[in-house]
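Engineer: Residues per chain, in single letters:
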Amino acid sequence: AQSVTQLDSQVPVFEEAPVELRCNYSSSVSVYLFWYVQYPNQGLQLLLKYLSGSTLVKGINGFEAEFNKSQTSFHLRKPSVHISDTAEYFCAVREGGSQGNLIFGKGTKLSVKP
Amino acid sequence: ETGVTQTPRHLVMGMTNKKSLKCEQHLGHNAMYWYKQSAKKPLELMFVYNFKEQTENNSVPSRFSPECPNSSHLFLHLHTLQPEDSALYLCASSQERGRYEQYFGPGTRLTVT
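Heads up: the sequence lines are chains A and B, in that order.
With the numbering used here as the guide, the letters of the first sequence map in order to residues 105 to 218.
With the numbering used here as the guide, the letters of the second sequence map in order to residues 62 to 174.
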């Protein structure tokens, strides 16, 4: 069965430092990949998505992610974080070409400190 | 209103109560979803509706009963819940089931006492 692993449950980082949130998935077929962000007391908001094409995907709020098929990874990066980036980040995958469901990781809590 | 809205935002209910959660999407989408979000667990898909037809029930207990009267509205009827049902219930919608991204509402924080 499809699964998504977010290796870090919590990532503390100082403001203006770079950050990488890791996501690995298990699938041998083509996939669609998503990153969502959840701010406190809110629902999930789509940050970026990979459907096809360029493996480097740019999203909102200065985030980007790179699809690596050989490593089955889709890590999220930002070169310089702000206090306002403090939130929980979820990676999700769906098998391509199907009406399969989104499978979510357990989430990574990013804490940005001044 | 824009996007996906959910009411109420917070709900406290006893184990013998009956209540309903409401979701409305203003995006013209045809698929709607209920998810359960519990601490330290991945989001759990509960139900999927596509063009008003239920296409998925992920082994959800019968004390949760969904209803989708049209493509814009989705309800989750609750009765005789257990304390372990306390969670954030998220509604989402997408253009159709499949490759399209899902848009989420803010959720209803449910506490069962």
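Because the hints were derived from the structure by calculation, they are not lab data.
Certain hints may be false.
Some, not all, of what chain A presents toward chain B, calculated at C-beta under 8 Å [claimed, not checked]:
no. : residue
1   : V115
2   : V123
3   : R126
4   : Q146
5   : G147
6   : Y154
7   : L160
8   : K162
9   : H186
10  : F208
11  : G209
Backbone N, C-alpha and C define an ideal beta-carbon position, used for all residues, glycine too.
Engineer: Using the nearest Cβ pair, does A:V123 come within less than 8 Å of chain B?
Structural biologist: violated (21 Å)
Engineer: Hint validation: A:H186 versus chain B, beta carbon distance must be below 8 Å. Holds or violated?
Structural biologist: The hint is violated - A:H186 has no Cβ within 8 Å of chain B, the shortest such distance being about 22 Å.
Engineer: Against chain B, is A:L160 within 8 Å by beta-carbon distance?
Structural biologist: This interface hint is violated because 18 Å lies over the 8 Å limit.
Engineer: Let me know if the C-beta of A:Q146 comes in closer than 8 Å to any C-beta of chain B, holds or violated.
Structural biologist: holds (5 Å)
Engineer: Do the numbers back the hint for A:G209, that is, is its least Cβ distance to chain B under 8 Å?
Structural biologist: holds (6 Å)
Engineer: Quick check on A:K162 please, does its C-beta sit within 8 Å of some C-beta on chain B?
Structural biologist: violated (15 Å)
Engineer: With a cut-off of 8 Å on the beta carbons, see whether A:Y154 makes it to chain B.
Structural biologist: Cβ of A:Y154 sits 11 Å from chain B, so the hint is violated.
Engineer: Let me know if the C-beta of A:V115 comes in closer than 8 Å to any C-beta of chain B, holds or violated.
Structural biologist: This interface hint is violated because 16 Å lies over the 8 Å limit.
Engineer: Against chain B, with CB atoms and a cut of 8 Å, does the hint on A:R126 hold up?
Structural biologist: Cβ of A:R126 sits 16 Å from chain B, so the hint is violated.
Engineer: When the nearest CB of chain B is found for A:G147, is that gap smaller than 8 Å?
Structural biologist: Where the cut-off is 8 Å and the nearest Cβ of chain B is about 4 Å from A:G147, the hint holds.
Engineer: Using the nearest Cβ pair, does A:F208 come within less than 8 Å of chain B?
Structural biologist: A:F208 check passes; min Cβ-Cβ to chain B is 4 Å, inside 8 Å.
This entry does not satisfy hints 1, 2, 3, 6, 7, 8 and 9, going by the numbered hints stated previously.
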